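2 protein chains.
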Amino acid sequence: MNVEVIAVGTELLLGQIANTNGQFISQRLALMGYNCYFHTVVGDNEERLLSVIENAVKRADILLFTGGLGPTKDDITKEVIAEYLNCKLVYDEPSLQSILDYYKKVNRIPAENNKKQALVIEGSEAFFNDNGMAPGMAKQVDGKTYILLPGPPTEMKPMFQKVEDYFIKNIETDGKIYSRVLKFFGIGESQLEAELADIITNQTNPTVAPLAAEGEVTLRLTAKAESQEEAMSLIDRTESTIKAIVGDYLYGYDQDTLDAKVFSLLKKAQLTIASAESLTGGLFGNTLTAHTGASSVYKGGVICYQNEIKEHILHVPQTVLTNEGAVSAACAEQLARNVRKLFCSQIGISFTGVAGPSELEGKSVGTVYVGISIEGKGEKVIPLQLAGTREQIKMRSAKHGFSELIRLLKFNE
Amino acid sequence: MNVEVIAVGTELLLGQIANTNGQFISQRLALMGYNCYFHTVVGDNEERLLSVIENAVKRADILLFTGGLGPTKDDITKEVIAEYLNCKLVYDEPSLQSILDYYKKVNRIPAENNKKQALVIEGSEAFFNDNGMAPGMAKQVDGKTYILLPGPPTEMKPMFQKVEDYFIKNIETDGKIYSRVLKFFGIGESQLEAELADIITNQTNPTVAPLAAEGEVTLRLTAKAESQEEAMSLIDRTESTIKAIVGDYLYGYDQDTLDAKVFSLLKKAQLTIASAESLTGGLFGNTLTAHTGASSVYKGGVICYQNEIKEHILHVPQTVLTNEGAVSAACAEQLARNVRKLFCSQIGISFTGVAGPSELEGKSVGTVYVGISIEGKGEKVIPLQLAGTREQIKMRSAKHGFSELIRLLKFNE
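Protein sequence lines correspond, in order, to chains A and B. Under our numbering, the letters of the first sequence match residues 1 to 413, in that order. Under our numbering, the letters of the second sequence match residues 1 to 413, in that order.
Treat the hints as calculated values from the structure; they're not laboratory data. Here the structure is a predicted model, which means the values were calculated and not measured. Take these hints with a grain of salt, some might be off.
Copies of the same chain are indistinguishable here, so a pair counts whether it falls within one copy or spans any two.
[Unchecked claim] The list that follows gives simulated cross-link-like pairs (lysine to aspartate or glutamate, EDC-like), each with its CA atoms no further than 20 angstroms apart: (1) Lys162 to Glu112; (2) Lys267 to Glu308; (3) Lys261 to Glu391; (4) Lys73 to Glu54; (5) Lys341 to Glu311; (6) Lys157 to Glu391; (7) Lys377 to Glu226.
Between the sequences and the hints, there should be enough to build the whole structure, so can you do that?
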């Protein structure tokens, strides 16, 4: 079974936005074990969209469209597909009701084009939109499956769970496919592959597929089985074997991220943290405060970009700065401890290093120290030698910080 | 003349990366006045890549490929296109020499597949790669133009200037096309369109096309002329008319960004800045420190996520926090002034507000105050009411801060 992902929207062809929906969907398809051979982007143009559909039915089993379900004249995806399939458009009652309720609430009369959003292709299964007005839909015709999803990622992403459920229920495969993704940090893809070479090469159910992302590695375990129970038991067994070898680097599953994990561990433990950021320049704080309710665990921090700030606000002794330098384990330790005390938090974390492109204090680009201080337990400093651009070094430094926090907080559980 | 942008790489179809090259190239093509009707992504597979080429020559004048020029067996783009065009591959001497020089320098012998990167399609114009080993290339056959560029954005983006030069020299259009992009902040797309309705609707050389990006609006002025001089004079004249109407919101041109502009203005004026970030959580500092040499202007800052930090480290009087709240003009003013003093910088900037999703202190989501304090000149507070997700509100707050800094620094020039 192979899928073509088709994004509809002139804004993509003008470069106003990147096709991040294509990436998201591809990741999820890969996790489910479906092949994706083509992504296509086409504008809001009937003739060209039709030509894309005609091409795609020749080379894919499943056509997955995003975008063009909105209220304006430009939004033509479902109209063109309905025409292609020779089907009518009909109202999806729950979606229509939800639109009417909304306009009642804001005391306005919906125009026809607002109601148009509730139209779906006749005979399709509608996916209610919990984050917008236009429902998604799926329909099978002549052995091909047509999936239509809204374009805004905030609507499409949460809806994708319904697509996965639809696939599991409706798409015939040899047995059903179930996956689990194990997420690793702190181990390279090649090292992980080497350690697990035997399992990756020889195991067939579940299959074990590594995938490297930005500074992280994931393993996708995909099992074919008659029931979910059977699949999960196969996956559990393989996960145990993997954990025995590289369990130290495993931090989460599926949609987990390092920072979300830290946020939930801190919240659970009712611990607070403060940060002292030199080379990361605020990236750690910015990442942690992406989570709703961050203020319950994150007290804040100091961006100590210049040495005088390290000295005068975070009280790093001048001797440390002079003798060992700002990029040193001693400085990282001082920063972590002192920011913890200054902010009256239980944990302090610090980042100091050389983001590049030039060396600093005679230390090479990518030399980084992450310091962690825990009330009553003392300090720990992790020395790193990172590669990449300025942006990548900043980002990987922050990730190492989150990863080390997970390790320490889990140990505390 | 229309272009199809074709990205080659299985990693895109697995969702390991998004096709940001497609976005970048589309933006630049739009600036140059070329149409782009399709983006296609295909994996490292000969048969499927061939089918994509066959499709594209039917519907596009220019086929612009990215990716698949590297040293591994997976990298097949130039091989497949050469085969399709019935051409040989030959060494591009400057690229080969550069590869040989590199291996000599690191004292290693290049393998055949390292040298393979210097191969180009016979008769093509090679684009030397200043940031990697594989050159790009362009070749015209039977009225179609084939452009091949490396996949890594760090190599492709700087090379794109050479593609633009190639287009201007080689692609026949009715006269040559020249563009300038004016970048605006602080004015919505619809307001800008309304103010400039007459120019946008009636003017044909240059044409004036608005484009909304994340919280920003750009105007693309595209002139057709026999010479660059003539085009620039046409564009200058229209720019003057536009500036007379909405010049207050204009902050830069072409590839300018708000934060790069602030960085260069601060550097030029030899001024330093410090930040007090509440709702932005470090985003301002993180953005400013993306620029090499940021430490010459950015002293650092305090991420004052909790009220006790605002009070105890940044000395916001308790009465302000109790009576007016953390989300208030008075608090923003205190934060900006006090962070400036604490960090001994000439400028202090502060961000306090409600990123959402819930209201705070009875203030609605999107209520934001940006404070700016300048040594010897006093404080200014900009009250904002922003819309969007948590992430968008943080980002737009930071952009408003950068925009206001530009205004103040330009006035100081």
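Where does the structure disagree with the numbered hints, that is, which hint numbers, in rising order?
1, 4, 7
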